[in-house]
Amino acid sequence: MTGRRALFAVPVLGVVTFGVFAVAAASPFDPVKAYTGTAGLTASQENLDQIRANLGVDQPLVTRWWDWLTGALRGDLGDSAVMRMPVADVIGERLGWSVLLAVTAFAVAVLLGTALGVLAARRRGGLLDRCACSAAYTLEAAPAFWLGLLAIWFFALQLGVLPAGGLTDTASDTVTFDQVARHLVLPAAVLGVSQTPWFFLYTRQGVGDALDEDAVRGARARGLAERTVLTGHALRAGMLPMLTLIGSRVPELITGALLVETVFSWPGIAAATVQAATAVDFPLLAALTVLATAAVLLGNLLSDLLYGLADPRVGFDG
Amino acid sequence: MTARSIRTVAPVAALVLGAAACANPSGGTDGQGAGATAVVGIAYEPDTLSPLLGYGKDGNSKIFDGLLAHDADLKLRPALAAELPEVSADGLTYTYKLRQGVKFSDGEPFDADDVVFTYRTILDEKTNNPSRTELDALKDVSKGGDDTVVFTLKYPYAPFAQRTVLPIAPEHVAGRQDVNTGEFTTKPIGTGPYVLTGWSKGEKLSFKANPAYWGGEPQVKKFTMAIIKDDDVRATRLRAGDLDGAILPPNLAEGFAKDSGRKTHKATTYDYRTVTLPTHNEVAGDTAIRRALDIAVDRQVMVDSILNGAGKPAYGPVPTGSEWFAAGTERRHDLAGAQKILDEAGWKPGKDGIRAKDGVRAAFPLWYLTGDKLRQDHALAYASDARKAGIDITTQAGTWEVIEPRMEHDAVLAGGGAPGDPDFDQYLLLKSALAGDGFNNMGWYDNPAVDKALETGRTSGDKATRLEAYRTVQRELVKNPGYTFLTHIDHVYVLADKWDGLSTQIEPHDHGLASGPWWNVEKWTPKDSGK
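Protein sequences, first through last, are from chains A and B.
Per the numbering used here, the very first residue in the first sequence carries number 35; after that it's consecutive.
Per the numbering used here, the very first residue in the second sequence carries number 191; after that it's consecutive.
Only true hints are included.
Distance ranges between label pairs, derived from CB positions:
| hint | chain 1 | residue 1 | chain 2 | residue 2 | range |
| --- | --- | --- | --- | --- | --- |
| 1 | A | LEU332 | B | LYS333 | 54 to 62 Å |
| 2 | A | GLY160 | B | GLU591 | 50 to 58 Å |
| 3 | A | GLY194 | B | THR510 | 39 to 47 Å |
| 4 | A | LEU325 | B | LYS293 | 36 to 44 Å |
| 5 | A | LEU325 | B | GLY543 | 55 to 63 Å |
| 6 | B | LEU525 | A | PHE188 | 47 to 55 Å |
| 7 | A | LEU325 | B | ARG366 | 26 to 34 Å |
Straight line, CA to CA, 20 Å or less: simulated EDC-like cross-link-like pairs of lysine to aspartate or glutamate:
| hint | chain 1 | residue 1 | chain 2 | residue 2 |
| --- | --- | --- | --- | --- |
| 8 | B | LYS502 | B | GLU444 |
| 9 | B | LYS456 | B | ASP700 |
| 10 | B | LYS502 | B | ASP263 |
| 11 | B | LYS621 | A | GLU80 |
| 12 | B | LYS717 | B | ASP449 |
| 13 | B | LYS419 | B | ASP700 |
| 14 | B | LYS316 | A | GLU80 |
| 15 | B | LYS377 | A | ASP123 |
| 16 | B | LYS316 | A | ASP83 |
| 17 | B | LYS344 | B | ASP314 |
| 18 | B | LYS653 | B | GLU513 |
| 19 | B | LYS316 | A | ASP92 |
| 20 | B | LYS642 | B | GLU658 |
| 21 | B | LYS329 | A | GLU80 |
| 22 | B | LYS265 | B | GLU276 |
| 23 | B | LYS419 | A | ASP203 |
| 24 | B | LYS287 | B | GLU273 |
| 25 | B | LYS344 | A | GLU80 |
| 26 | B | LYS287 | B | ASP336 |
| 27 | B | LYS453 | B | ASP690 |
| 28 | B | LYS717 | B | ASP690 |
| 29 | B | LYS377 | A | GLU127 |
| 30 | B | LYS563 | B | GLU591 |
| 31 | B | LYS333 | B | ASP301 |
These are computed hints drawn from the structure, not numbers from a lab.
All residues carry an ideal CB built from backbone N, CA and C; glycine is no exception.
Based on the sequences and whatever the hints tell you, model everything.
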């Protein structure tokens with residue numbers, strides 16, 4: 035399955051990058067204007083035309099895409115106009131921080147969602163269940179950036195216990211473990227919590243249904259401990275829909291990270307994506323799109339594999 | 191990917207965390223007591239830190255020095271040059287003697303080759319420098335010995351010395367890499383008072399004092415500029431103590447007014463807001479309409495209500511406080527006078543109160559930049575004032591991509607302002623030959639008397655002649671205003687009261703890194719008293 039998926043990914047990535055170039059070319063944004071910034075407002079037309087030629091953005095769409103693609107295949111991702119440095123350097127500098135944020139947030143969401151879901155499923159209609167459900171519906175509707183601003187207001191301003199943004203303290207330029215750990219708490223928690231409702235609701239439903247199944251009732255009847263019934267039987271069966279969810283939440287996680295990184299000035303790849311898009315920075319935009327597409331494809335693959343691991347009835351080639 | 195490799199995800203995450211701990215091992219210098227470090231919040235981030243691509247072109251770049259530099263009043267003083275330049279009688283040759291014994295922060299000496307390299311690279315059309323036009327007058331730079339540089343001009347250009355504040359790049363570093371994307375654009379090396387220690391894009395720029403600075407080592411040892419685009423976030427982080435100072439809009443700065451530990455600094459600027467009245471629009475192009483609008487607007491009300499008092503009425507690109515301002519060209523708010531001008535010109539009020547002449551309704555659209563609250567407020571106030579005089583202005587928001595193709599016929603709420611020399615703004619704004627050239631002369635202004643005065647102003651080396659020329663321009667703008675200038679905006683900063691030696695410089699429209707009370711951070715001294 036893995037090999038087949040990988041083969042399938044190649045045309046998908048090709049089409050996606052071409053789509054990005056086409057959409058960017060059709061957008062009303064002017065890469066030269068983005069490149070020159072305010073200086074462009076007083077530059078002469080001749081000066082601007084020269085920069086257009088230097089940046090290579092006066093070429094037709096297909097030429098630009100082909101140049102980029104052949105370059106990328108040779109390992110040359112090109113130079114980012116908006117960052118004024120090679121695309122590989124932009125990604126190298128930022129990807130790690132985004133992965134760190136996303137992985138932590140994902141762990142928060144999965145653990146918190148599963149734990150709450152199991153507890154709620156055990157006593158459906160109970161106080162915890164009702165509280166958690168209404169909180170989940172509220173959170174589903176709350177945009178991540180709003181949660182972020184709320185968190186900054188409460189934890190950084192009212193309580194003053196956590197930093198409001200950045201990777202390290204503003205005054206410090208050494209990146210140390212404990213500083214990053216402290217600065218990671220709020221953005222990861224916000225991103226994680228914003229993803230939690232889906233995991234919570236799926237687990238609650240799955241485990242709840244499983245608890246009603248014959249096998250579980252049988253296990254209960256045999257006098258097995260409640261814990262064993264929950265973790266051994268109900269959770270295992272109830273996790274199935276959630277594993278699919280893990281993969282399908284990846285795109286949402288990427289867009290969520292985009293907003294959260296902006297709110298918390300987190301120096302990740304998402305902030306660069308926004309800049310690349312509005313500046314019509316073709317090389318950077320294409321590389322980032324490939325990354326995001328690959329992440330989504332991998333996410334789907336991952337959830338399918340996990341599904342197979344969790345439930346032997348699901349064949350890998352099913 | 192196999193199931194087994196999935197299990198490696200967790201260790202990878204741990205690895206990322208581990209790598210974070212050692213990603214930037216340099217530094218470790220904690221501030222020595224209060225005042226030795228300063229952290230400020232700014233709204234603007236440079237695209238590049240390479241002077242070859244336009245960074246610091248207006249001087250005062252902290253990492254670099256120019257041949258000359260500006261003091262608080264924008265008077266020129268020598269920096270990397272040992273003295274002010276010698277100008278030949280015909281105004282075509284500028285000769286600079288260079289300061290001796292200056293070193294770049296990597297220890298290499300600075301000399302005439304670096305100056306020649308910097309200017310020649312900027313003039314090279316393969317260099318993506320959008321401000322190259324500013325050096326249009328420059329024909330060539332050459333070395334007249336190790337400590338002398340000679341600039342030759344194509345035509346006499348009086349404000350040329352003002353352009354030589356642009357920072358000098360080291361040839362031995364920048365000359366060995368791609369000028370547009372090389373490492374130098376993000377990891378600059380200069381002769382300035384500060385050395386860049388880190389630039390986390392979108393987050394902050396960190397500097398440390400250059401111990402070998404030719405002007406003496408600064409006392410503020412560490413200096414950090416946090417980039418926070420959102421006004422509210424900047425204000426809250428200032429309040430939370432994360433920042434020592436920040437630029438703030440006037441209404442947010444007011445919240446800090448009673449704070450005894452912080453001081454509010456207002457910097458006067460050349461930053462104007464104006465409405466372009468395109469010559470090609472049959473309504474806005476009519477001189478009677480232009481003159482009527484010029485006195486129908488209540489500038490003082492705009493200053494009081496939109497700017498919370500932090501600004502001044504503007505009657506042209508030159509602020510009223512400047513020595514180049516022509517006294518007597520102030521326009522009083524005079525609605526009756528505006529109506530009289532329109533009546534006499536044949537613009538008669540119709541049934542809906544809007545005037546018309548020969549079947550043409552006195553109406554035109556006014557565009558402003560989407561999301562710019564300040565411009566929106568100005569545009570709405572302008573439209574409301576115009577309506578009282580019987581002119582119907584429809585305000586519309588758009589991005590520059592939408593606005594630019596319409597600039598020839600529609601009015602735009604524009605901003606600008608470059609201090610230093612009156613030529614910088616006015617030539618680009620009013621010269622008829624530059625109509626429609628990019629964003630220059632957006633209103634397609636065309637006035638032979640102004641054109642002539644602008645030429646005299648830029649070529650004459652005589653201050654009195656130049657003063658008279660720019661006064662002529664301002665008087666012409668009263669007779670035929672191609673723009674309605676509204677306000678000059680003060681920039682407001684709130685800063686912890688921990689240092690002595692603070693002042694503000696006269697500031698341009700751009701919120702560059704150098705603007706703000708920290709324009710001379712290298713001269714600050716920590717206050718002894720207090721914390």
